[in-house]
Amino acid sequence: MAKIKVASDWLAACAGCHMSLLDIDERILTLLEYVDLDATPITDLKHPNPDGVDVGILSGAVNNTTNKAVTEQMRERCQILIALGDCAVFGGIVTMRNLSGTEEALRRAYIESESTVDGKIPSSPELGRAIETRAVDQVVPVDVYLPGCPPSADAIWFVLTELLAGRKPELEGENLKYD
Amino acid sequence: MAMIEITINDQKIQAKAGQTVLEAATDAGVDIPTLCHHPALTNWGACRICLVEIEKQRTLQPACTFPVTGGMVVHTESPACVESRKFVLELLFSERNHYCMYCQMSGDCELQDLAYRYGLDSWKYPRPYDSMPVDASREYFVLDHNRCILCRRCVRACAEIAANHTLGVRERGASSMISADLNAPFGESTCVSCGTCIQVCPTGALIDRKSAYMGREKDVEHVQTTCFACSLGCAVDVVSRTNHMLRIESVWDAEPSYGLLCVAGRFEPLHDLRPRVETPLVKKNGQLVEASWDEALDAAAAGLKQAGGIGALVTPRATNETFVAVTKSFQNAGLTHSAPLPDLPADAVLADVEHADLVVLAGADVMEDHRVVGGYIKRALDRGARLAIIGDEDNGLAEYATLVSPEARHAVNMALEASQPVVIYGADTATKAADLLRVLASRARFLPLVVGTNAVGAAQVGLDGTFPAAQGLYVLLGDGQANGRVAAAAAGAEFLVVQASYASPLTERADVVLPSPIWAEQSGHLTNLEGKIRRVEAAIAAPDGVPAAPATLQALAGRL
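Going line by line, the protein sequences match chains L and W. Sequential numbering of the first sequence, starting at 179, is according to the working numbering. Sequential numbering of the second sequence, starting at 13, is according to the working numbering.
Don't take each hint at face value.
[As the list claims (entries may be wrong)] Here are the computed lysine-lysine pairs in the DSS-like style, where the Cα-Cα straight-line distance is at most 30 Å:
hint	chain 1	residue 1	chain 2	residue 2
1	L	K298	L	K246
2	L	K181	L	K298
3	W	K317	W	K340
4	W	K340	L	K246
5	W	K98	L	K346
6	L	K346	L	K224
7	W	K98	W	K68
8	W	K340	W	K295
9	W	K136	L	K346
[Said to hold, decoys possible] Example chain L residues on the side facing chain W (calculated, C-beta under 7 Å, incomplete):
hint	residue
10	I258
11	G269
12	I271
13	L277
14	G279
15	E281
16	E282
17	Y323
18	C327
19	L349
20	L354
21	Y356
In short, the hints are calculated from the structure, not lab data. Beta carbons are placed, not taken as given, at the ideal position from N, Cα and C, and that holds for glycine.
Take these sequences, add in the hints, and give me the full structure.
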């Protein structure tokens, strides 16, 4: 049987979800018997294979135009999209920015912060532009949700092995946590 | 009580007539999820989480308010129930900020528990982006409207348990908000900080400042003991972690107050910032220096003996066991604080107050000294009782009273016509008033507002206010505060031994200072103003090497 191709990326995230993925420890060797890791923050490849992957994993919320482009590309190139962690699933802690508003948050960070002298809000066309923070499913359809801040390694392992077995993961008990 | 048969989830059960479906199901061991329901409060039917399918009913019905009827057939987890519960949860999560990852209730939240139970792995509806106010204007707790689900438990607790009626709901529909008084800042409202609302809040909307983020239910220990704030001796549940008190909660089904506490019982003990005395101290060349227990006890005994005439003053904030040890160790002993009550009967319990049709309050301001009694009086008033105060308009309950008069005869006349009068009397009851009130002995029940936490227990072993001067003075102050009487006795003493939990001007004056456990570190019993023995259980351990008060007394007595 051909190996399953998996790509992942993180958006507005703390990297905790990917750390939790690495926390599956030696089980990653078992995983690699069935899975080819395509573009991931671990392999440091930036774009999923243009020919497509079977499973795409996104952690983090969408809070700028770059994240939005990454999310849309992942959706285009994967069969099954997993939203990994509270930020990807709900918007998470990143949505706190929405409580003050994007403009207000940028001004506070780049101009008003105590350590800043003559600050300015970055506006280079090469950079993504900040937008209202959203969960992944507010941008593209998501197939599998795995909340948690971060989700435990066991919950990640459960979801991946269920998918490998051809089942849609149903989270319950210790696998379903919001914190 | 008449029993009727109903069927829940294909199981035939016997229910009591008049029960709700929820009560019948709970008795039968069937778990119907709830959110706005709380066993200590009236049922409201606000949240719709407990909706169940009842055959022959047109729509799903709330189990918490729907009464059982004979032959009723109920399904609690049918697909229709589960679907409606998920729908309700989806709506609740979409309404305000229910991001669990930075909420202090995460892990102990009833809303979160239900989302887990019904497998909510994502949210169907748009996320909340509107920021709601956080009312942090109170000293001991915070109201975060962002976490509120409008279940109205706090509103009911404020009305039904505390009878304070501070909390309500303003606006309608999606604009509904919990409101103190007529939308006053919580800190400037009529709230009396009884804290009942925090204890019943199912989410992180009402936050105890002291214990927020300090540990989840799985991390903490609970010990049920007795409050030392006044002589009522309410049951309290002390919540601690690694020997630090985090929070004090009430105990719903325990005498005497059945779930009502006051600010002095629930919050003030956790905000005591006085420095502890943790090691014995002996005065050498005018300076208190650390000493071993043996050195300190030897010095105390030698000094007391040399002074000629030994006397002891003991705080009423002590256990019955401590009082016995005091009387065994010292022939000449009395209480640090004492205020004799008039010679009137003492035959009421707190619960009698709620069912009185007339409350006569004499010589006491319960809103200062016995606030939980005040809460019970207000509960009686809510049920239609009248209040007659023998005192003046300064009384904290004067605004609720039908009659306020320094003359007792008007109140006595009212009581003679009442069917279930209760007389609550304090130390400031005038002799003349007491003489008149005595007429009611056969008609009314009497509740004495004893001054001093365990003054009843002290009196039972013969310790009271009488105290002849002594040159060698031992003061067992415990975690109490010294008053003028103690200061005067100390000033007149040649040699002073103070056993105290906290450093104070009195310990500075002492020749020997012995550490003492605080109330929550003691075990034993106290006798409350109802005359009932209340169990005192150590909720936390005393600092290393500090023995229980009776043991210290025994060690000292052995040297005298």
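Results for each hint:
For the hint pairing K298 (chain L) with K246 (chain L), the CA-to-CA distance comes to about 24 Å; that is within 30 Å, so the pair holds. Of the pairs offered as hints, the one joining K181 (chain L) and K298 (chain L) is violated, with about 48 Å between alpha carbons and a cut-off of 30 Å exceeded. Only pairs whose Cα atoms come within 30 Å are accepted, and K317 (chain W) paired with K340 (chain W) is accepted, the gap being roughly 17 Å. Between K340 (chain W) and K246 (chain L), the direct Cα distance comes to roughly 81 Å. Violation of the 30 Å bound is thereby established for this hinted pair.
Among the hinted pairs, K98 (chain W) with K346 (chain L) is consistent with the structure: their alpha-carbon atoms are about 19 Å apart, no more than 30 Å. For the hint linking K346 (chain L) to K224 (chain L), the alpha-carbon distance of about 28 Å falls within 30 Å, and the restraint holds. For the given pair, K98 (chain W) sits about 23 Å from K68 (chain W) by alpha-carbon distance, which is consistent with the 30 Å threshold. For a cut-off of 30 Å, the pair hint linking K340 (chain W) to K295 (chain W) stands: about 27 Å separates their Cα positions.
The straight-line distance between the Cα atoms of K136 (chain W) and K346 (chain L) is roughly 18 Å, inside the 30 Å bound, and the hint therefore holds. At a threshold of 7 Å, the smallest CB-CB gap from I258 (chain L) to chain W is about 15 Å, leaving the interface hint violated. This hint holds: G269 (chain L) has a C-beta 5 Å from the nearest C-beta of chain W, less than the 7 Å allowed. With a cut of 7 Å, the hint placing I271 (chain L) at the interface with chain W holds, because the nearest CB-to-CB distance is about 6 Å.
Hint status for L277 (chain L) relative to chain W: holds, with the closest Cβ pair at about 4 Å, below 7 Å. Against a cut-off of 7 Å between C-beta atoms, the interface hint on G279 (chain L) is violated, since the closest Cβ of chain W lies about 9 Å away. Because the closest C-beta pair between E281 (chain L) and chain W is about 14 Å apart, greater than 7 Å, the hint is violated. Here the hint on E282 (chain L) is broken, as its CB sits about 11 Å from the closest CB of chain W, past 7 Å.
At its closest, the beta carbon of Y323 (chain L) sits 4 Å from a beta carbon of chain W; the interface hint therefore holds under the 7 Å criterion. The beta carbon of C327 (chain L) comes within 4 Å of a beta carbon in chain W, closer than 7 Å, and the hint placing it at the interface holds. Taking 7 Å as the C-beta cut-off, the interface hint given for L349 (chain L) holds, the closest approach to chain W being about 5 Å. Among the interface hints, the one on L354 (chain L) holds; its C-beta lies about 5 Å from the nearest C-beta in chain W, closer than the 7 Å criterion.
A distance limit of 7 Å between C-beta atoms decides the matter here; for Y356 (chain L) the minimum to chain W is near 4 Å, and the interface restraint holds.
Hints 2, 4, 10, 14, 15, 16 from the earlier list are contradicted by this structure; the remaining hints agree with it.
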